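K.L.:
Sequence:
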Amino acid sequence: MNDNEEAAGAPSQSTPEPERPEQSAADLLRDRRRAAHRTAERVLAQPGPSGTLRARLALLEEAADLYDLDEPADMYGSGIVEALEEKVAGLLGKEAAAFFPTGTMAQQVALRCWAGRTGNSTVALHALSHPEVHERNAFREVSGLRPVRVTGEPRLPTADEIRDFEEPFGALMLELPLRDAGYVLPTWEELTELTRAARDRDAVVHFDGARLWESTEHFGRSLAEIADLADSVYVSFYKSLGGYSGAALAGPASLVAEAKTWRHRYGGAVFQQFPTVLSALAGLERELPRLPEYVRHARVVATALREGFAAAGLPWVRIHPAVPHTHEFQLWLPYAPEAAGEAAVRQAEETGTFLFSHPWGAAGPDLAVTEVSVRSAGLEWTAEDIRAAVGEFAKRLAGGPGGTEG
Numbered sequence: 009m010n011d012n013e014e015a016a017g018a019p020s021q022s023t024p025e026p027e028r029p030e031q032s033a034a035d036l037l038r039d040r041r042r043a044a045h046r047t048a049e050r051v052l053a054q055p056g057p058s059g060t061l062r063a064r065l066a067l068l069e070e071a072a073d074l075y076d077l078d079e080p081a082d083m084y085g086s087g088i089v090e091a092l093e094e095k096v097a098g099l100l101g102k103e104a105a106a107f108f109p110t111g112t113m114a115q116q117v118a119l120r121c122w123a124g125r126t127g128n129s130t131v132a133l134h135a136l137s138h139p140e141v142h143e144r145n146a147f148r149e150v151s152g153l154r155p156v157r158v159t160g161e162p163r164l165p166t167a168d169e170i171r172d173f174e175e176p177f178g179a180l181m182l183e184l185p186l187r188d189a190g191y192v193l194p195t196w197e198e199l200t201e202l203t204r205a206a207r208d209r210d211a212v213v214h215f216d217g218a219r220l221w222e223s224t225e226h227f228g229r230s231l232a233e234i235a236d237l238a239d240s241v242y243v244s245f246y247k248s249l250g251g252y253s254g255a256a257l258a259g260p261a262s263l264v265a266e267a268k269t270w271r272h273r274y275g276g277a278v279f280q281q282f283p284t285v286l287s288a289l290a291g292l293e294r295e296l297p298r299l300p301e302y303v304r305h306a307r308v309v310a311t312a313l314r315e316g317f318a319a320a321g322l323p324w325v326r327i328h329p330a331v332p333h334t335h336e337f338q339l340w341l342p343y344a345p346e347a348a349g350e351a352a353v354r355q356a357e358e359t360g361t362f363l364f365s366h367p368w369g370a371a372g373p374d375l376a377v378t379e380v381s382v383r384s385a386g387l388e389w390t391a392e393d394i395r396a397a398v399g400e401f402a403k404r405l406a407g408g409p410g411g412t413e414g
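Just so we're aligned, residue 9 is where the sequence shown starts under my numbering, counting upward by one.
Careful, some of the hints might be misleading.
Estimated spans, in silico, between C-beta atoms of each pair [unchecked claim]:
| no. | residue 1 | residue 2 | range |
| --- | --- | --- | --- |
| 1 | Glu-175 | Asp-78 | 52 to 62 Å |
| 2 | His-328 | Thr-269 | 33 to 43 Å |
| 3 | Gly-228 | Thr-359 | 33 to 43 Å |
| 4 | Glu-79 | Ser-230 | 48 to 58 Å |
| 5 | Asp-78 | Asp-208 | 47 to 57 Å |
| 6 | Asp-35 | Gly-124 | 36 to 46 Å |
| 7 | Ala-318 | Thr-126 | 46 to 56 Å |
| 8 | Glu-357 | Thr-126 | 47 to 57 Å |
| 9 | Glu-175 | Glu-388 | 29 to 39 Å |
| 10 | Ala-318 | Glu-79 | 23 to 33 Å |
Read the hints as simulated data drawn from the structure, not as lab findings.
The structure presented is a predicted model; accordingly, all values stated were derived computationally and were not measured.
Just so it is clear, CB atoms sit at the ideal spot from N, CA and C, and this is done for glycine as well.
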C-alpha cells in the first residue's frame, strides 16, 4: 500500500476485519429451511413468495391474456385497477369494491368509515384475530378505533357470546377462517346466527376475509352467499391466490366511495399498480377455481398424516382441526420445536422431500406446532406418499418426546 492510499483512508494491512455477529441456531435453521424449500423435489405447497424473482416475474407473462395490454397503464387507481375492483365486487355480490395496497390499511379504513356511520368506534373481535396479533395495535394507534375481545377460545365467537357481551360495539369483525386458531370456520348455521346476533345489537358486520376464497367448500355456499352475511368484506390477493400483494374492500357503493377518500389520506393512492393487479387477476383466474380441490385433498393429507404417525409409533399427535376446514391446518407434536424443525429440514436436505416446510413454534413445554398447507404441488401426493414421508420424518426426530437424546 502506498502513501497516497494511506492518505485516502484505505485500511492498512494490520487493521483487523470487523467481526460479523454469529448467526443464532434459529437463524441458521431458517436459512437452511429456505434453501431446502427452493431445491426440494417434492413439497405439499410451493407458495409464490418462496420463489425466485425470475419465477415471480413469470407470473406476469401468464397474466398477459387476462387484460388488454395495449390499454393505457393505470394512474392512481384507473384502468386495470378499476377492472379488478369491478370483478371482485361481482364475485362477492357487493355493489362496489376498492383496491388497497395492504389488508392492514383496508380494514382500518373500513372500520373507521363504519365508526363514523354508527357513532361507535368500538370493534368487537377475536383475541387471535390478525389486527390484535400481527398489526402492532394499528386500530388504536392509527385509526382511533377501540378493539374489544369477545373470546380467546380457538374458535369463532358464538352467537350467545355476542348477545351477552357486556358493552356496546359498533362493528363485529370476524376473521374467516381464523388463521391463528388453526384456519377454523364455524358452520353455516353458526355463522348465520352469529351475524344475526350482531345486528340485533345494532352493529354492522365486517368480514376479515383475507382467506375467504377457500371457505366455499366448508360452507357449501358461493362467495357471494357468504359475503351477503356481512356489510363489508376484505379479501387478500396473495395469501391464497398467489398474487404479489394487495387487497380489496367490498361493500355498499357509498361506503366504498368514502373508503377511497380515506385510502388517499392513508397513503394508499399509489401511482401505478398494474404488476400487482395483473398478478391478482391471474390468481382469480387460475388459483381460485382450484381452491376447493386443495381443500378436499388437504383432508386426505390430514388422514394420512395421522396414520403415518401412528405407524411410526409416536405416542401423541394432533391435527387441528381434525378434518381441515380449508387447505391449511395445524399439526401438533410432543417435541421441542427445534427438534421438529431440524428433522423436517434434514429430511428435505437428505431426501429431496419437504413434508413440513413451515416453521415450527413452541406451543408449550416440549410441544411443537406447525402449519401444513396443500396447494397444487400437493395434489400429486397420494395417501401412501404421505405415510411414507412421515416415516422418514419420524426417523430424524431426535430421541423421544421432547426431542432429547435418551
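K.L.:
Please go over all the hints and tell whether each is borne out by the structure.
P.N.:
Verification of the hints:
1. Glu-175 to Asp-78: 52 to 62 Å: holds, 56 Å
2. His-328 to Thr-269: 33 to 43 Å: With Cβ atoms ~42 Å apart, the hint holds.
3. Gly-228 to Thr-359: 33 to 43 Å: 38 Å Cβ-Cβ, so the 33 to 43 Å window holds.
4. Glu-79 to Ser-230: 48 to 58 Å: Distance hint for Glu-79, Ser-230 is violated at roughly 30 Å.
5. Asp-78 to Asp-208: 47 to 57 Å: holds, 52 Å
6. Asp-35 to Gly-124: 36 to 46 Å: holds, 45 Å
7. Ala-318 to Thr-126: 46 to 56 Å: holds, 52 Å
8. Glu-357 to Thr-126: 47 to 57 Å: With Cβ atoms ~55 Å apart, the hint holds.
9. Glu-175 to Glu-388: 29 to 39 Å: violated, 51 Å
10. Ala-318 to Glu-79: 23 to 33 Å: violated, 57 Å
Checked against the numbered hints above, the structure violates hints 4, 9, 10; every other hint is satisfied.
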